[in-house]
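There are 2 protein chains.
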Amino acid sequence: MKKGSKISNAVIKRLPRYRRYLNELNRKGVDKISSRELSDLIGYTASQIRQDLNNFGGFGQQGYGYNVEALYNEISSILGLDKEYKMVIVGAGNLGQAIANHTSYYKAGFVVCSLFEVNPKLIGIKINDIDVRDCEELVQYIEDNAIDIGIICTTKDAAQEVADRMSFAGIKGIWNFAAVDLEVPESVAVENVHLSDGLHSLAYHINRNHYLS
Amino acid sequence: MKKGSKISNAVIKRLPRYRRYLNELNRKGVDKISSRELSDLIGYTASQIRQDLNNFGGFGQQGYGYNVEALYNEISSILGLDKEYKMVIVGAGNLGQAIANHTSYYKAGFVVCSLFEVNPKLIGIKINDIDVRDCEELVQYIEDNAIDIGIICTTKDAAQEVADRMSFAGIKGIWNFAAVDLEVPESVAVENVHLSDGLHSLAYHINRNHYLS
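If you read the protein sequences in the order shown, they are chains A and B.
Using the UniProt record's numbering, count along the first sequence one by one with no gaps and you end on 213.
Using the UniProt record's numbering, count along the second sequence one by one with no gaps and you end on 213.
Hints should not be assumed to be uniformly reliable.
Copies of the same chain look alike in the list, so a pair counts if it works inside one copy or between any two.
DSSO-like mimics (lysine-lysine), calculated; alpha carbons at most 30 angstroms apart, straight line [what the hints assert, rightly or not]:
(1) Lys83 with Lys126
(2) Lys121 with Lys28
(3) Lys83 with Lys121
(4) Lys13 with Lys121
(5) Lys32 with Lys156
(6) Lys156 with Lys28
(7) Lys83 with Lys32
(8) Lys86 with Lys121
(9) Lys28 with Lys83
(10) Lys86 with Lys32
(11) Lys121 with Lys32
(12) Lys32 with Lys126
(13) Lys13 with Lys126
(14) Lys28 with Lys126
(15) Lys126 with Lys156
(16) Lys126 with Lys86
Worth flagging that the hints you see were computed from the coordinates, not collected in a lab.
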């Protein structure tokens, strides 16, 4: 990647998707691919793809296409997936447990170190071999263990206070599953998950025949 | 919306986000908003916003801006959120239960009618007052109850077979949480949830100071 260059947020949001498809191609033994073939696969236009990937010094060669493995590795490195991240999950209900399960499948280095709860029935148990601790210990735990990412799986009402504690303890990023916009210091990156957006897009596609007629 | 006009998938993907912000503004009693103010809020450029919203006949008036409530209602209607959708969830583990919980908060008409499982320990119980049925009954249930949307919360390995059964039974859309690309007939809309994409974008932002230095 060119030093000092500025990549827009929109491009960053598309990179994980490129990476997924490149991973799949790599797994299938595909060495190289053109922007047109990538376009058929991913659903972005070929020109959009060339423009996006030009941000990183231009991996494509005219008449040859992209080297699948090199591009996959480069995108992984740009995203920072060649490092390990320590995470905590706050909220050990169904969603917190599902996320703990889910991330355990990741090959990349996202490690859930602990879960935190306010419900005394859950404090002290283990989920997937991970301890569930009292939420009161959250700040100390993040500081002591240099936790990078906090995952919020609490109710909407509790989310801001949890984010405040995480920010106070020096967390670097928050992955927020609560349906509320968090206020955090500029030093903390936030990625909000809005599950219902996908369902709303789906509703459109279910109705498209009606709307396009 | 103009009859017969074609709206790109990318615009459709942005509409739920517009709708969320407009809903918040409406709740706060804001009547009208300019594309520039919307831009500050949502993070898309003002010109992108004008271009997107022009797809729907142009709600904005020069020097006035957009009528928040009218635009919210129009986008809701375009997405098809003025209707009710009957849904089933296959996989009643932590994720399936979390999704059943999650969708129960939606004000729009997405109703989970039943969960389905292969695990005999879960078949017959109720989650959030919703019955967990044997997966063998899935096709019959979808047909009998005219289910619109199937939500797949199974393992990666089971997902395609579940999608096949749903498609066979005449489902209109699939909301897929399994990390696998499904093959379905053209008549079935699929929305894949890729949770890890958000985490990967977050990793980038945590590292951005390093990369942008």
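- Task: Pop the pair lysine 32 and lysine 126 into one bin, within, between, both or neither, using alpha-carbon distances up to 30 angstroms.
- Result: neither (45 angstroms within a copy, 50 angstroms between copies)
- Message: My question is about lysine 86 and lysine 32: at a cut-off of 30 angstroms on alpha-carbon distance, are they close within one copy, between copies, both, or neither?
- Response: neither (34 angstroms within a copy, 43 angstroms between copies)
- Task: If the cutoff is 30 angstroms on CA atoms, where do lysine 126 and lysine 156 land: within, between, both or neither? Let me know, please.
- Result: both (25 angstroms within a copy, 25 angstroms between copies)
- lysine 13 and lysine 121: within-copy, between-copy, both or neither at 30 angstroms Cα: neither (38 angstroms within a copy, 40 angstroms between copies)
- Task: Indicate which option fits the pair lysine 121, lysine 28 if close means a Cα-Cα distance not exceeding 30 angstroms: within, between, both or neither.
- Result: neither (46 angstroms within a copy, 38 angstroms between copies)
- Message: I want to check one pair: lysine 83 and lysine 121. Are their C-alpha atoms no more than 30 angstroms apart within a copy, between two copies, both, or neither?
- Response: Neither: 35 angstroms inside a chain and 40 angstroms across chains, both beyond 30 angstroms.
- Task: Give the relationship of lysine 156 and lysine 28 under a CA distance limit of 30 angstroms: within one copy only, between copies only, both, or neither.
- Result: Classified as between: cross-chain Cα gap 18 angstroms, same-chain 42 angstroms, threshold 30 angstroms.
- Message: Regarding lysine 32 and lysine 156, is the shortest C-alpha distance of 30 angstroms or less found within a copy, between copies, in both, or in neither?
- Response: between (46 angstroms within a copy, 27 angstroms between copies)
- Item | Alpha-carbon proximity between lysine 83 and lysine 32, which holds within one copy, between copies, both or neither at 30 angstroms | Within one copy only: 26 angstroms inside a chain, 45 angstroms across chains, cut-off 30 angstroms.
- Task: At 30 angstroms max between alpha carbons, let me know whether lysine 28 reaches lysine 126 within a copy, between copies, both or neither.
- Result: neither (38 angstroms within a copy, 42 angstroms between copies)
- Task: Give the relationship of lysine 83 and lysine 126 under a CA distance limit of 30 angstroms: within one copy only, between copies only, both, or neither.
- Result: within (26 angstroms within a copy, 42 angstroms between copies)
- Within a copy, between copies, both or neither: where do lysine 86 and lysine 121 come within 30 angstroms Cα-Cα? Intra 25 angstroms, inter 34 angstroms, cutoff 30 angstroms: intra-copy only.
Hints 2, 3, 4, 10, 11, 12, 13, 14 from the list above are not met by this structure, while the remaining hints are.
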